[in-house]
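**Student:** Chains as they are written, first to last, in our numbering: chain L, 1 to 143; chain X, 1 to 143; chain P, 1 to 143.
Bear in mind the hints are in silico, worked out from the structure with no lab data behind them. None of these values were measured; they are calculated from a predicted model. Glycine included, each C-beta is placed from N, C-alpha and C at the ideal position. Mixed in with the good hints, there may be bad ones.
What the hints assert, rightly or not - With a straight-line Cα cutoff of 30 Å, these simulated DSSO-like cross-link-like pairs (lysine-lysine) come out:
| id | chain 1 | residue 1 | chain 2 | residue 2 |
| --- | --- | --- | --- | --- |
| 1 | X | Lys5 | P | Lys5 |
| 2 | P | Lys5 | L | Lys5 |
| 3 | X | Lys5 | L | Lys5 |
Stated by the list, open to error - If you want a taste of the chain X side facing chain P, the calculated C-beta under 7 Å gives, among others:
| id | residue |
| --- | --- |
| 4 | Met1 |
| 5 | Ala3 |
| 6 | Thr77 |
| 7 | Met88 |
| 8 | Thr139 |
| 9 | His142 |
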Amino acid sequence: MTALKEVNSRQLFMGRLAYGEDLLDEITAVCTRENIRLGRIEAIGAVQRARMACYNQKTHEYRFFTIDQPLEIAQLTGNVSIRQGQPMVHAHLTLADDAGNAYGGHLAPGTVIFACEIIIEALEGPEFIREFDEETGLTLWHM
Amino acid sequence: MTALKEVNSRQLFMGRLAYGEDLLDEITAVCTRENIRLGRIEAIGAVQRARMACYNQKTHEYRFFTIDQPLEIAQLTGNVSIRQGQPMVHAHLTLADDAGNAYGGHLAPGTVIFACEIIIEALEGPEFIREFDEETGLTLWHM
Amino acid sequence: MTALKEVNSRQLFMGRLAYGEDLLDEITAVCTRENIRLGRIEAIGAVQRARMACYNQKTHEYRFFTIDQPLEIAQLTGNVSIRQGQPMVHAHLTLADDAGNAYGGHLAPGTVIFACEIIIEALEGPEFIREFDEETGLTLWHM
Numbered sequence: 001m002t003a004l005k006e007v008n009s010r011q012l013f014m015g016r017l018a019y020g021e022d023l024l025d026e027i028t029a030v031c032t033r034e035n036i037r038l039g040r041i042e043a044i045g046a047v048q049r050a051r052m053a054c055y056n057q058k059t060h061e062y063r064f065f066t067i068d069q070p071l072e073i074a075q076l077t078g079n080v081s082i083r084q085g086q087p088m089v090h091a092h093l094t095l096a097d098d099a100g101n102a103y104g105g106h107l108a109p110g111t112v113i114f115a116c117e118i119i120i121e122a123l124e125g126p127e128f129i130r131e132f133d134e135e136t137g138l139t140l141w142h143m
Numbered sequence: 001m002t003a004l005k006e007v008n009s010r011q012l013f014m015g016r017l018a019y020g021e022d023l024l025d026e027i028t029a030v031c032t033r034e035n036i037r038l039g040r041i042e043a044i045g046a047v048q049r050a051r052m053a054c055y056n057q058k059t060h061e062y063r064f065f066t067i068d069q070p071l072e073i074a075q076l077t078g079n080v081s082i083r084q085g086q087p088m089v090h091a092h093l094t095l096a097d098d099a100g101n102a103y104g105g106h107l108a109p110g111t112v113i114f115a116c117e118i119i120i121e122a123l124e125g126p127e128f129i130r131e132f133d134e135e136t137g138l139t140l141w142h143m
Numbered sequence: 001m002t003a004l005k006e007v008n009s010r011q012l013f014m015g016r017l018a019y020g021e022d023l024l025d026e027i028t029a030v031c032t033r034e035n036i037r038l039g040r041i042e043a044i045g046a047v048q049r050a051r052m053a054c055y056n057q058k059t060h061e062y063r064f065f066t067i068d069q070p071l072e073i074a075q076l077t078g079n080v081s082i083r084q085g086q087p088m089v090h091a092h093l094t095l096a097d098d099a100g101n102a103y104g105g106h107l108a109p110g111t112v113i114f115a116c117e118i119i120i121e122a123l124e125g126p127e128f129i130r131e132f133d134e135e136t137g138l139t140l141w142h143m
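Chain L with its partners taken away, still in its complex shape:
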């Protein structure tokens, strides 16, 4: 069911992420440190290698894959909400190789930062809590 809730902007953070760190871990660490339990994320930059996932809509399992080469982050878009009581970052990204070919998917652990410029908007409002959704097999917001 389509359901949207009104939220409000609370704080805006802008900065960069450390060279050599895991991209998903580092974004999650920032959110934890700044006590962000609801938010939106955007970033550009580059990675030393990428690990992403594509969800199999039939088997309900993620298929993980690695692209083991330097890539530009053409765009990363994500959000922060709550799963099992903890802030969880859900991000998708588009990458590009040195010939300009683009790749995309769900950001997984194992993506190593080369450089990353990020904006995180902390939001306030009703809690967005992820729960198992039978139809898709995903943990989606219980609205």
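Keeping the supplied structure of chain L fixed, place chains X and P upon it in accordance with the hints.
**Tutor:** Relative to chain L, chains X and P alone:
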């Protein structure tokens, strides 16, 4: 001519779109329901199949194409403005298949939602009205 | 080192960029005209041809390449900060051809606008100043 106008943030909506619905129709329905006549949109998620368009800059016609397989929405970016008196959603998106290959284009009717997490920012300010633009053949904002 | 600073939204601009102009120059000109020294940018549209770059993480040099055909801008994401005392636009983008294939990279001069709908959010807060970063060879924010 390059022309920008100042607008203001009015309301921020965050939520998810229904499984199985048409992606463009569903975003449009939300905007109509919330009375959003000016806004910006971002989303990530997955689709069961996609229908997009690329504009032919010579013939001034859209070429529509379908990618009939499950795909991740690596990113969707769009805006809301007025065409023929009604709110109109204009969105572009980047998709990715299970090998990580990326595809992109102008969102067309016929794209079926698997899961979609969306943020819509309702804006207020001068009306942005789309009118026929001779140079491009598109309906662009009359500034 | 990962470092984020809090910034605040100051003004929001929405509009379109001129047909036939250079995309990077035109965004930079808008920022200069509106006195935006810190900001974030998002856009969709189409280009007559694209020139992008991918950074070589070993040699520390950008490799520039041109895609000499009409393309959709599936998404452009960027920021504004200060380099050598002047506002500098840093943007990445994802493009798509008429078969839907996606390309991406760092926006370089030489990308010609067909149509472009843009939102620029002017931010205020501490200055973000780009300085040479030895580890990456890039001019990154000195935090």
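**Student:** What are the numbers of the hints that this structure violates, sorted from low to high?
**Tutor:** 7, 8 and 9
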